[in-house]
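Assemble chain B onto chain A, guided by the hints.
So the protein sequences, as listed, match chains A and B.
Residue numbering for the first sequence follows the numbering used here, beginning at 1 and increasing consecutively.
Residue numbering for the second sequence follows the numbering used here, beginning at 402 and increasing consecutively.
It should be emphasised that the hints constitute simulated quantities derived from the structure, not laboratory data.
Only a predicted model underlies this, so the values are computations on that prediction, with no experimental measurement involved.
All C-beta atoms in this analysis are idealised placements derived from N, C-alpha and C, irrespective of residue type, glycine included.
Mixed in with the good hints, there may be bad ones.
Unchecked claim - Within a straight-line C-alpha distance of at most 25 Å, the following computed DSS-like cross-link-like pairs (lysine-lysine) qualify:
no.: 1; chain 1: B; residue 1: Lys472; chain 2: A; residue 2: Lys277
no.: 2; chain 1: A; residue 1: Lys116; chain 2: A; residue 2: Lys166
no.: 3; chain 1: B; residue 1: Lys470; chain 2: A; residue 2: Lys251
no.: 4; chain 1: B; residue 1: Lys446; chain 2: A; residue 2: Lys183
no.: 5; chain 1: A; residue 1: Lys249; chain 2: A; residue 2: Lys183
no.: 6; chain 1: B; residue 1: Lys505; chain 2: A; residue 2: Lys382
no.: 7; chain 1: A; residue 1: Lys279; chain 2: B; residue 2: Lys467
no.: 8; chain 1: B; residue 1: Lys467; chain 2: A; residue 2: Lys277
no.: 9; chain 1: A; residue 1: Lys279; chain 2: B; residue 2: Lys475
no.: 10; chain 1: B; residue 1: Lys488; chain 2: A; residue 2: Lys188
no.: 11; chain 1: B; residue 1: Lys437; chain 2: A; residue 2: Lys37
no.: 12; chain 1: A; residue 1: Lys277; chain 2: A; residue 2: Lys249
no.: 13; chain 1: A; residue 1: Lys156; chain 2: A; residue 2: Lys116
no.: 14; chain 1: B; residue 1: Lys475; chain 2: A; residue 2: Lys277
no.: 15; chain 1: B; residue 1: Lys478; chain 2: A; residue 2: Lys181
no.: 16; chain 1: B; residue 1: Lys467; chain 2: A; residue 2: Lys382
no.: 17; chain 1: A; residue 1: Lys165; chain 2: A; residue 2: Lys114
no.: 18; chain 1: B; residue 1: Lys437; chain 2: A; residue 2: Lys181
no.: 19; chain 1: B; residue 1: Lys472; chain 2: A; residue 2: Lys183
no.: 20; chain 1: A; residue 1: Lys249; chain 2: B; residue 2: Lys475
no.: 21; chain 1: B; residue 1: Lys505; chain 2: A; residue 2: Lys251
no.: 22; chain 1: B; residue 1: Lys478; chain 2: A; residue 2: Lys249
no.: 23; chain 1: A; residue 1: Lys247; chain 2: A; residue 2: Lys277
no.: 24; chain 1: B; residue 1: Lys446; chain 2: A; residue 2: Lys188
no.: 25; chain 1: A; residue 1: Lys251; chain 2: B; residue 2: Lys475
no.: 26; chain 1: B; residue 1: Lys472; chain 2: A; residue 2: Lys188
no.: 27; chain 1: B; residue 1: Lys472; chain 2: A; residue 2: Lys382
no.: 28; chain 1: B; residue 1: Lys488; chain 2: A; residue 2: Lys251
What the hints assert, rightly or not - Quick partial rundown of chain B residues pointing at chain A, CB under 8 Å, derived from the structure:
no.: 29; residue: Ile427
no.: 30; residue: Lys428
no.: 31; residue: Pro430
no.: 32; residue: Tyr431
no.: 33; residue: Met442
no.: 34; residue: Cys452
no.: 35; residue: His453
no.: 36; residue: Gly456
no.: 37; residue: Gln461
no.: 38; residue: Leu463
no.: 39; residue: Ile474
no.: 40; residue: Met476
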Amino acid sequence: MQRRDFFKKALTVAGTAAIGSYTVEAAQTQHPVDNRKVSDVAFPQKRPLIVYSDRPPLLESPREVFTSALTPNDLFFVRWHMPIIPSYINPRDFYIHINGEVDKELKISLEDLKTKFEAVEITAVLQCGGNNRTAFVPTTSGIQWGVGAMGCAKWKGVRLSDVLKKAGLKSSAAWLGFNGKDKAVYNKTANFVRELDLSQINDDIILAYEMNGEDLPYLNGYPLRLVIPGVYSDSWIKMISHITVTKEKQKLHFMDHAYRIPDNECECETPQNLAVKTKPIEEMNVNALIGYPTTGTKVKTNAELIVRGVAFDGGHGIQKVELSTDGGTTWNEAKLDDGSQGKYAYRAFTYNITPQSVGTLSILCKATNTKGEVQPFTREIKWNHGGYKYNGIDTVTVEVV
Amino acid sequence: MRLLYKIVLTSFLLSSALFATPNTGIKVPYISFPMKEGKGMYATKGRCNMCHSWGYTLNQGLQSKKFWKEKVIKMIKVFNAPINNAKDIETVTNYLFENYGNGKLE
Numbered sequence: 001m002q003r004r005d006f007f008k009k010a011l012t013v014a015g016t017a018a019i020g021s022y023t024v025e026a027a028q029t030q031h032p033v034d035n036r037k038v039s040d041v042a043f044p045q046k047r048p049l050i051v052y053s054d055r056p057p058l059l060e061s062p063r064e065v066f067t068s069a070l071t072p073n074d075l076f077f078v079r080w081h082m083p084i085i086p087s088y089i090n091p092r093d094f095y096i097h098i099n100g101e102v103d104k105e106l107k108i109s110l111e112d113l114k115t116k117f118e119a120v121e122i123t124a125v126l127q128c129g130g131n132n133r134t135a136f137v138p139t140t141s142g143i144q145w146g147v148g149a150m151g152c153a154k155w156k157g158v159r160l161s162d163v164l165k166k167a168g169l170k171s172s173a174a175w176l177g178f179n180g181k182d183k184a185v186y187n188k189t190a191n192f193v194r195e196l197d198l199s200q201i202n203d204d205i206i207l208a209y210e211m212n213g214e215d216l217p218y219l220n221g222y223p224l225r226l227v228i229p230g231v232y233s234d235s236w237i238k239m240i241s242h243i244t245v246t247k248e249k250q251k252l253h254f255m256d257h258a259y260r261i262p263d264n265e266c267e268c269e270t271p272q273n274l275a276v277k278t279k280p281i282e283e284m285n286v287n288a289l290i291g292y293p294t295t296g297t298k299v300k301t302n303a304e305l306i307v308r309g310v311a312f313d314g315g316h317g318i319q320k321v322e323l324s325t326d327g328g329t330t331w332n333e334a335k336l337d338d339g340s341q342g343k344y345a346y347r348a349f350t351y352n353i354t355p356q357s358v359g360t361l362s363i364l365c366k367a368t369n370t371k372g373e374v375q376p377f378t379r380e381i382k383w384n385h386g387g388y389k390y391n392g393i394d395t396v397t398v399e400v401v
Numbered sequence: 402m403r404l405l406y407k408i409v410l411t412s413f414l415l416s417s418a419l420f421a422t423p424n425t426g427i428k429v430p431y432i433s434f435p436m437k438e439g440k441g442m443y444a445t446k447g448r449c450n451m452c453h454s455w456g457y458t459l460n461q462g463l464q465s466k467k468f469w470k471e472k473v474i475k476m477i478k479v480f481n482a483p484i485n486n487a488k489d490i491e492t493v494t495n496y497l498f499e500n501y502g503n504g505k506l507e
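The shape of chain A in the complex, shown without the other chains (with noise of 0.2 Å):
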């Protein structure tokens, strides 16, 4: 299919992100769908979004946010599994429970995680697992995500190990359970709960009260959510409440059967003969986004362009970023910021072109770690049923007049 007619067919209608009615005969990753229009209402402490829900609330980030290594926080991306809400929280009536195989049980206020442990800082990028997803052909179960199910925020918060250590673990101790305060229509429905075994947990881990020096917005988790730098965020329960510490691992829906890849080298598989074996999708390949320009952004041949993205992998830090402008042939490298956010955040990066003739001009960016992962071309992702982990070169194509 023609890239042109493409975008047509994904336009959108009446403020709500429809999905475009293309069909691609032979099972090849594409480009993901990135120039749906935000919506023109906007959600409660948020800048107008993308909005694929209202109930739960499903709002993406335009490519237009990705241009600077932290994400303001009214443009940040939001995702609940859960339609009900808490509409409001007192913040003086909130409080942690701990409870499980733990020496002491405990309840702690907002108030005491703010006051009586020791506050820490970590920069790190939150992504949907799913982000990209209509990358993938055939459609993947799963929101039809473009390009900005992802954000970067400096978190502000407590170390989940401190916690811990508060209630004591029980040698008998294995698996910890977060819950939040986002609840499903039927009472009998189980809540949206994640787990983690104990040999995941470590420092950078935090419950963050805070983002970019803000309370959090309610629709990213107000007052408190599980920080897990490096890893996709099914895990990042929002306005939690609850750990729980099990002895084994509990049955859960969200961590049998969501956010699970093939357990294999290539973690692929076909719609024909689906992997057997799976495991969570865990820590975020290496992934690069152009911010500006976008893609139809018309621009003058001689006068400098300056392109910029934001690059990030699951905590090895990147490495370098490279763009090309013909297709990948030949690749030159961006201009990285100076780090100082942080192995888990964001390293903006700029590079300057100054188109020379007229036409159409495709900008590729690919992102390269310190372990030397890189990213891959698009068409050379292979599929996998829920549409997890896409990290394809991104390009973008503007018209040069």
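Relative to the frame of chain A, chain B by itself:
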């Protein structure tokens, strides 16, 4: 003097109260996601939209009949969707496939 005192006090309160931004709660706006007209639309609406927006459904993309049937069954088993018998499952699945299908049975 009194006014100045008030201004100083107010600005002190504003600057010191870093976390005391008025917290009045939120009201999530209602966004309309129109359903395509078709056989079974009202039955589907009553069984799906009472728990979640239609946006959540339509933004799964265009899918096969097998996909929609499996989703309906997941909604019943995991989320207790009020779809109570085989006939209801068929009605909802058919509506989804006829209006949000990719033309493939599986």
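Going through the hints against the structure:
1. Lys472(B) <-> Lys277(A): holds, 21 Å
2. Lys116(A) <-> Lys166(A): holds, 11 Å
3. Lys470(B) <-> Lys251(A): The given pair, whose Cα atoms are some 24 Å apart, holds under the 25 Å limit.
4. Lys446(B) <-> Lys183(A): holds, 21 Å
5. Lys249(A) <-> Lys183(A): Since the Cα atoms of Lys249(A) and Lys183(A) sit roughly 22 Å apart, the hinted pair holds (cutoff 25 Å).
6. Lys505(B) <-> Lys382(A): Given that 25 Å is the threshold and the Cα spacing comes to 21 Å, the pair holds.
7. Lys279(A) <-> Lys467(B): Answer holds: Lys279(A) to Lys467(B) is near 24 Å, not above 25 Å.
8. Lys467(B) <-> Lys277(A): holds, 22 Å
9. Lys279(A) <-> Lys475(B): This hinted pair holds, its Cα atoms lying about 20 Å apart.
10. Lys488(B) <-> Lys188(A): holds, 24 Å
11. Lys437(B) <-> Lys37(A): Holds - the C-alpha atoms of Lys37(A) and Lys437(B) are around 21 Å apart, at most 25 Å.
12. Lys277(A) <-> Lys249(A): holds, 17 Å
13. Lys156(A) <-> Lys116(A): holds, 14 Å
14. Lys475(B) <-> Lys277(A): Measuring from Cα to Cα gives roughly 20 Å; hence the hint holds.
15. Lys478(B) <-> Lys181(A): holds, 22 Å
16. Lys467(B) <-> Lys382(A): OK: Lys467(B) and Lys382(A) at ~22 Å, within 25 Å.
17. Lys165(A) <-> Lys114(A): holds, 16 Å
18. Lys437(B) <-> Lys181(A): Violated, at roughly 33 Å.
19. Lys472(B) <-> Lys183(A): Roughly 20 Å between the alpha carbons, so the hint for Lys472(B) and Lys183(A) holds.
20. Lys249(A) <-> Lys475(B): Holds, at about 22 Å.
21. Lys505(B) <-> Lys251(A): violated, 33 Å
22. Lys478(B) <-> Lys249(A): Judged against 25 Å, a Cα distance of about 21 Å means the pair holds.
23. Lys247(A) <-> Lys277(A): holds, 23 Å
24. Lys446(B) <-> Lys188(A): Holds, at about 22 Å.
25. Lys251(A) <-> Lys475(B): Roughly 16 Å separates the two Cα atoms, so the pair holds.
26. Lys472(B) <-> Lys188(A): holds, 19 Å
27. Lys472(B) <-> Lys382(A): Judged against 25 Å, a Cα distance of about 24 Å means the pair holds.
28. Lys488(B) <-> Lys251(A): violated, 30 Å
29. Ile427: With Cβ-Cβ at 4 Å, under 8 Å, it holds.
30. Lys428: holds, 6 Å
31. Pro430: holds, 5 Å
32. Tyr431: holds, 6 Å
33. Met442: At about 18 Å, which exceeds the 8 Å cut-off, the nearest Cβ of chain A leaves the hint on Met442(B) violated.
34. Cys452: holds, 4 Å
35. His453: holds, 5 Å
36. Gly456: Hint on Gly456(B): holds, closest Cβ of chain A at ~4 Å, below 8 Å.
37. Gln461: holds, 7 Å
38. Leu463: Where the cut-off is 8 Å and the nearest Cβ of chain A is about 7 Å from Leu463(B), the hint holds.
39. Ile474: This interface hint is violated because 12 Å lies over the 8 Å limit.
40. Met476: violated, 10 Å
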